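If you want the building blocks of each chain, they are given just below.
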Amino acid sequence: MEREEIKVAVLRIEGTNCEDETVKAFRELGVFCEAVHLKQFYSDMIRDEEQRTFSDYNCIAFPGGFSAGDYVRAGAIFSARLKSVLRRDLEEFIKQEYPVIGICNGFQVLVELGALPGFDEDRPIADKPEMALCINDSSRFECRAALLKHENRGKCVFTRKLEKEVVMFPVAHAEGKVVFPKGMEDEYVDRLVQNDQIVFRYVDPDGNYAGYPWNPNGSIYNIAGICNVTGNVFGLMPHPERAFWYPHEDGKAVFESVVEYLEKL
Amino acid sequence: MLYRRVDVPFELYEINILDASDEELVKISEELGLALNLEEMKKIKEYFAKKGRNPYDIEIQSIAQAWSEHCCYKSSKCYLKQFLFDVDAEYVISAIKEDAGVVEFDEEHAYVVALESHNHPSAIEPYGGAATGIGGILRDVLCMGAQPVALVDPLFFGRPDTPDEVIPRGTKHPLYLLSGVVAGIRDYGNRVGIPTVGGMVFFDDAYLTNCLVNVGCIGIARKDRVIPSKAGGAGDLFVLAGGLTGRDGIHGVTFASAELDEKSEEEARGAVQLGNPIIKEPLIHACLEIVEKGLLTGMKDLGGGGLSCVVGEMSLAAGCGAEVWLEKVPLKEKGMAPWEIWISESQERMMLTVKPQHVDEVLYIFQKWDVPAVVVGRVTDDKILRIYYHGHKIYEMDIEFVVSAVEYCRPYTSKKVEAVDEVREADCEKTLLEMLSHYNVASREWIIRQYDHEVRASTVVKPLQGRPNMEGHGDAAVIRPTESWKGLALTADVNPWMTKIDPYWGTASAFDEMIRNLVAVNATPHSFADCLNFGNPEKPERMGEFVESVKALGWMARNFGLPCVSGNVSFYNETPHASVPPTPTLMGVGVVEDVRKAITVDFKRKGSGIVLVGE
Amino acid sequence: MIADVYIELKEGVTDPEGEATKKALRLLGFKKVKSVSSRKVFRIEIDARSKEEAEREIKLMCEKLLVNPVIQNYYIRWVE
Amino acid sequence: MIADVYIELKEGVTDPEGEATKKALRLLGFKKVKSVSSRKVFRIEIDARSKEEAEREIKLMCEKLLVNPVIQNYYIRWVE
Ligand SMILES: Nc1ncnc2c1ncn2[C@@H]1O[C@H](COP(=O)(O)OP(=O)(O)O)[C@@H](O)[C@H]1O
Chain A
308 MEREEIKVAV LRIEGTNCED ETVKAFRELG VFCEAVHLKQ FYSDMIRDEE QRTFSDYNCI
368 AFPGGFSAGD YVRAGAIFSA RLKSVLRRDL EEFIKQEYPV IGICNGFQVL VELGALPGFD
428 EDRPIADKPE MALCINDSSR FECRAALLKH ENRGKCVFTR KLEKEVVMFP VAHAEGKVVF
488 PKGMEDEYVD RLVQNDQIVF RYVDPDGNYA GYPWNPNGSI YNIAGICNVT GNVFGLMPHP
548 ERAFWYPHED GKAVFESVVE YLEKL
Chain B
33 MLYRRVDVPF ELYEINILDA SDEELVKISE ELGLALNLEE MKKIKEYFAK KGRNPYDIEI
93 QSIAQAWSEH CCYKSSKCYL KQFLFDVDAE YVISAIKEDA GVVEFDEEHA YVVALESHNH
153 PSAIEPYGGA ATGIGGILRD VLCMGAQPVA LVDPLFFGRP DTPDEVIPRG TKHPLYLLSG
213 VVAGIRDYGN RVGIPTVGGM VFFDDAYLTN CLVNVGCIGI ARKDRVIPSK AGGAGDLFVL
273 AGGLTGRDGI HGVTFASAEL DEKSEEEARG AVQLGNPIIK EPLIHACLEI VEKGLLTGMK
333 DLGGGGLSCV VGEMSLAAGC GAEVWLEKVP LKEKGMAPWE IWISESQERM MLTVKPQHVD
393 EVLYIFQKWD VPAVVVGRVT DDKILRIYYH GHKIYEMDIE FVVSAVEYCR PYTSKKVEAV
453 DEVREADCEK TLLEMLSHYN VASREWIIRQ YDHEVRASTV VKPLQGRPNM EGHGDAAVIR
513 PTESWKGLAL TADVNPWMTK IDPYWGTASA FDEMIRNLVA VNATPHSFAD CLNFGNPEKP
573 ERMGEFVESV KALGWMARNF GLPCVSGNVS FYNETPHASV PPTPTLMGVG VVEDVRKAIT
633 VDFKRKGSGI VLVGE
Chain C
846 MIADVYIELK EGVTDPEGEA TKKALRLLGF KKVKSVSSRK VFRIEIDARS KEEAEREIKL
906 MCEKLLVNPV IQNYYIRWVE
Chain D
846 MIADVYIELK EGVTDPEGEA TKKALRLLGF KKVKSVSSRK VFRIEIDARS KEEAEREIKL
906 MCEKLLVNPV IQNYYIRWVE
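Chains as they are written, first to last, in this note's numbering: chain A, 308 to 572; chain B, 33 to 647; chain C, 846 to 925; chain D, 846 to 925.
Isolated chain A, as found in the complex:
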């Protein structure tokens, strides 16, 4: 696919608020990108020229923010609304190996949706969530720089062009602690490691896995970001789009990686 042909949708509902910078990041790489309201995919009050389907796009991004105020649980309302009307379409999209990224609130949406950890290739969206992003151990919103060690061995299509071993993306969230079902934590972590689904882990400036504040939320195994078993669905709490422009530009590689992946598709 030529770069100019690539079309990216940044999905939003009320309360989504990082869509502008996410759109801007994609556009800066020369691809078509627009912010699209979830209603444009299903609501009959939307005018024809503003109606959309997933097949209009080659990549979908769930941006950060507080979708529906993060009420009930972060990301829960957005994902429930999406699941009730568009589950099949999104599953098809994922099966066709098109990339999907969820940043911060977007990661929460993908987790609530059951698209991550995404162990089942044939059913990319599980019936029920298999993990949770819980309230930070500090019990508060944390806005700070995070150092991330890139540990993916090549599966994740969003980090293939990442050259540095440790990158800095900021975090800003109140609910970002990765939790797996009680008693099955080791099993889950092993599986993620074996499948090459671990993408980023929080580290300190010496590159060691460290506790708070380096691990800002208390995530198990210092997990900051993971991808699904096929590597095309990626979710992370830190914000690569906030590290795209001067003075911190580590995040650019995430967007470049997926654009290059799409070019080869």
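Treat the hints with caution; some may be incorrect.
[To be verified] In the DSSO-like style, the derived pairs of lysine-lysine whose C-alpha atoms are separated by at most 27 Å in a straight line are:
| # | chain 1 | residue 1 | chain 2 | residue 2 |
| --- | --- | --- | --- | --- |
| 1 | B | Lys400 | D | Lys876 |
| 2 | B | Lys629 | B | Lys255 |
| 3 | C | Lys909 | D | Lys876 |
The set of hints was computed from the structure by calculation and includes no laboratory data. Only a predicted model underlies this, so the values are computations on that prediction, with no experimental measurement involved.
Once you've looked at the hints, dock chains B, C and D with the ligand against the given chain A.
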């Protein structure tokens, strides 16, 4: 009989002021919660005597809103005009007249500045009060057609270690207030996705019974898309958009224009408004989409005084009148009287004027965002405002009369400056440690990190600077509001310990600090806004503090050539226990030619020299 | 002793969480939902000699920290 | 019909809000507090012909939106 129920199928009273004696006029003002004095009541009586009829409740309530200190600056205007508003710079597009100041940023863009207080509501209900303060300041910027890009929040409280025993009844502990206010700003600011990049927190006993919560916002607009706060012209339709109208916030402005006392909590509950950021966020999107498409002629936010202020001001500014169909206003609760609908200060509402041919398109955009929006009236070509409710005319007054409040040049006395003990000898190490651990100096990290200061990905110089997780405070934040490398620097300053000793020189020093903070990040000071928090202006010595402070601002502004583009006056920050020290909060805006050349506070390299500049 | 402290918003106070939840439920097809409001519960385990003493303590906690009397009501229910 | 849906964290899932509240209460001098945990309640008013029908609906709501079974349990109590 002072009040007569009118025979209509809803609640409406006629107020018999024509036959009322002076005492009765005062009684009416009190009983209806108007906060108007005798002189003002007499002016109203005279107006209606000429009309040959008594006013309805909705009319007199409406006047009370328009004439409140909060809405019309009746005590401050005369001195502000005299001392402060005369500095002009050719790059100022609009100052003082509108909801926010508009200043040229580059060829294509303007930045928009607003700064306001939300003191009384926050003292009663810190969480909701502060949250709605953020909501209000965002609307002020939004209604100029600008995308808000950054927030600041200067806060003032009693000492955190105040023992419970010394806290007067009806007052809340400073820590309770502080944590509530911070949580309110956090939950609202983060949810609407505008970064909070600066502010200050100051503790002093004098704020124990009068905490101050000031909030400022800066936005960016295309110059050719700046929206005036006035109607386009006769025939335009009024579109009310956003949250539903309820009983919350009734009498908010008259409440803000009186001293707080023990009973305030009970009485003022109705005046406290609660925000819903999840209406505000889509409201911002929808309004900006409408601005972008050029579908409106005017826009204004509903703040103090609710519909009553917004309709009158938008019409009059255009030299027009208006006709309003009050039953069209979507309500939160049943059984509201027309006057309550008219003056309610429910949050998250905007008023737009739209040419009839664009109304469908505008309503569609709001519907797309699930934001309720309805046509509630029409601009007319006389300068009269008429309100109908289910077909009955319940209001007819000349707008000029309603907004022509009395102005007072209140008498003032300037007090002598108190001598301060000079410290001659001191144990430097001990003093330094004491200073560093003082709660007015200690790190604000725990607050700053709860605010998302990076959303929108344009905060180039952050409030915390240095190596990750070891950062220290910066002097000013720098944001990059457009695609170009040009940036805006933002800071908020005042040191009440200095203004307390000397309002004039204290204010001048706050100004100086603001300038230095901007220069420290390599910005050129460009404009400023002020929020003047003072005690009861009816007391000459308080008025004296105010006048001295305004004089100093004017003097500094003239000499630096820095225009004051927006601001707000908050009086009556006084209880029987104490008055706040003069607190002229300043928000300075600087322009950074290239954000890549902005400077942060941390030392960069071993071996670099350290240079002290100045005397 | 264990008590549940229920904290609810006073009537007329906006409840963005309840409203957002109701909207979401209706969008999900639960058309029969007429209203949703949110409450918060703290389950507190406390050492005390008597229920009365415990209740006094808990009331104080509510006044000092847990409840904002301007916008919230609370009530206590004993679990144990 | 009105039901309260109680949502609590599963055993073993950390409850930072409860912990922070406990810490704050102890700092305020409530030394007798032994533990605090937080719960969330949605009060739902629903039109239904029978309690059974209403209960079925509410269970569906929990599955579809209100509860994440990895970390939360829920139970329903009828108010009316
Ligand atoms: N102290 C002040 N300094 C500068 N401008 C002021 C001051 N006080 C009020 N203003 C200006 O007066 C205008 C009206 O203010 P205000 O009533 O607060 O606006 P709003 O309609 O948002 O309530 C605003 O443009 C404001 O900037």
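Here is what the structure says about each hint:
no. : hint                    : verdict
1   : Lys400(B) <-> Lys876(D) : violated (53 Å)
2   : Lys629(B) <-> Lys255(B) : holds (26 Å)
3   : Lys909(C) <-> Lys876(D) : holds (14 Å)
Against the hints set out earlier in the document, a violation occurs for number 1 only.
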